[in-house]
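Visitor: Here the protein sequences line up with chains D and W, keeping their order.
To convert a position in the first sequence, counted from 1, into the numbering used here, add 950.
To convert a position in the second sequence, counted from 1, into the numbering used here, add 118.
By construction, these hints were calculated from the structure, which means they are not laboratory data.
Errors might be hidden in some of the hints.
Okay, the calculated beta carbon distance ranges per label pair [to be verified]: (1) D:D1054 - W:D153: 47 to 57 angstroms; (2) D:K967 - W:G162: 26 to 36 angstroms; (3) W:I233 - D:E1082: 45 to 55 angstroms; (4) W:G197 - D:D1112: 19 to 29 angstroms; (5) D:K1086 - W:M256: 51 to 61 angstroms.
Think of the CB as a built atom: it goes at the ideal place given N, C-alpha and C, for glycine as much as any other residue.
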Amino acid sequence: MNEDNQRKIFHYLKKKKIENFVGVPDSTLKYFIDECLKNNNIIITTREEEAIGIATGMTLSKSNSLVFMQNAGFANSISTITSLVELYEIPLILLIGWRGYLSDDAPEHLKIGKIQPDLLKIIGLKSQILTEQNWKVKCDWALKEIKQKKPCALIIRRMFHD
Amino acid sequence: MIRKEAVEIIGNYVGKNPIVSANGFMSRDLFEMNDKKSNFYMIGSMGLASSIGLGIALKNPKKQVFVFDGDGNILMNLGSLVTIGSLKPKNLIHVVFDNNSHESTGGQPTNSSQINLEKIAKVVNYNIFVVQSKTKLMSVLKNIKKLQGPIFLLVKISTSKERSKRVSWDPKTIRDRVMKSL
Chain D
951 MNEDNQRKIF HYLKKKKIEN FVGVPDSTLK YFIDECLKNN NIIITTREEE AIGIATGMTL
1011 SKSNSLVFMQ NAGFANSIST ITSLVELYEI PLILLIGWRG YLSDDAPEHL KIGKIQPDLL
1071 KIIGLKSQIL TEQNWKVKCD WALKEIKQKK PCALIIRRMF HD
Chain W
119 MIRKEAVEII GNYVGKNPIV SANGFMSRDL FEMNDKKSNF YMIGSMGLAS SIGLGIALKN
179 PKKQVFVFDG DGNILMNLGS LVTIGSLKPK NLIHVVFDNN SHESTGGQPT NSSQINLEKI
239 AKVVNYNIFV VQSKTKLMSV LKNIKKLQGP IFLLVKISTS KERSKRVSWD PKTIRDRVMK
299 SL
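Chain D on its own, in the form it takes in the complex (with noise of 0.2 angstroms):
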């Protein structure tokens, strides 16, 4: 996704009022975690599962959270996503960077990257692709989820190889 697009959306759930963002960095997401950080709203977590640990106590704390990872983080997250966030059915976005997307990425990202679409299915996460077209109604989507108090994910692919 473009670098426009990317910090459209940060401004986008802002305004929304999606008051914290947590994670891991990626650099498929890196303007949109780069208008965190000039925005000074952001806290960059050891690992996945810590950021979802934070946000959830955000979140209990009625302060809407948005956890943004690669899919690798995500993949060491399932657990914590099965037993934390989908048990105690806590709203948060979680937005993940799709590495693996493209068949010829690098070679670490081939395998999770494969079975993502299967492991959000599995765990029984609802997720949506952001593109550059679609990305507000989605995230209108994930804002409508997480006012009902379900756990959502939203997807940015990887297009490009750097």
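Knowing the structure of chain D, use the given hints to seat chain W on it.
Guide: Okay, now just chain W, sitting in the frame of chain D:
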């Protein structure tokens, strides 16, 4: 001192303030000794009690927020100490009940007896206290109110055959009770 006794002493001191308790026997002891609406019983997600407590502490600066952690739990999420020490929440009291073992899974050893958890906490900006007896625990608790957090209170406990009942609240009820109390 066994965990249940230490939980009772600290629980009385905490009053209505929020407590996030680690999974396993930790949450069961708290549930049996001091059940209240502002307790978040973390029944899964091992290691994350201090992270959840940090999130609550940052959003509730006027409340003292307690984490009831175990040695096995904190060793699974040592990075949490770094994040807490960087953000320095003044209102966070991180209690670690240390029995050098994974008591909930049958008493297998942790490595907490081989290292100094309190030294790790000290170098990442915590105010640290180590107690072994009930008298010392009570005197430290009296002083804690005047001190700035984050505070790391390492309570050395012995293992025990005593078993508390399971937390009977379902997870969504735990969530709703805590949300209402904050």
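Visitor: If a hint holds in the structure, say so; if it does not, say that too.
Guide: Tested hints:
1. For the pair D:D1054 and W:D153, the beta carbons lie near 56 angstroms from each other, so the given range of 47 to 57 angstroms is met.
2. A beta carbon spacing of about 28 angstroms between D:K967 and W:G162 agrees with the range 26 to 36 angstroms that was offered as a hint.
3. Hint check: W:I233 to D:E1082, Cβ distance near 50 angstroms, so the stated range 45 to 55 angstroms holds.
4. Between W:G197 and D:D1112 the beta carbons are some 27 angstroms apart, a value that agrees with the proposed interval 19 to 29 angstroms.
5. Checking the proposed 51 to 61 angstroms range against D:K1086 and W:M256 shows it holds: the Cβ atoms sit about 57 angstroms from each other.
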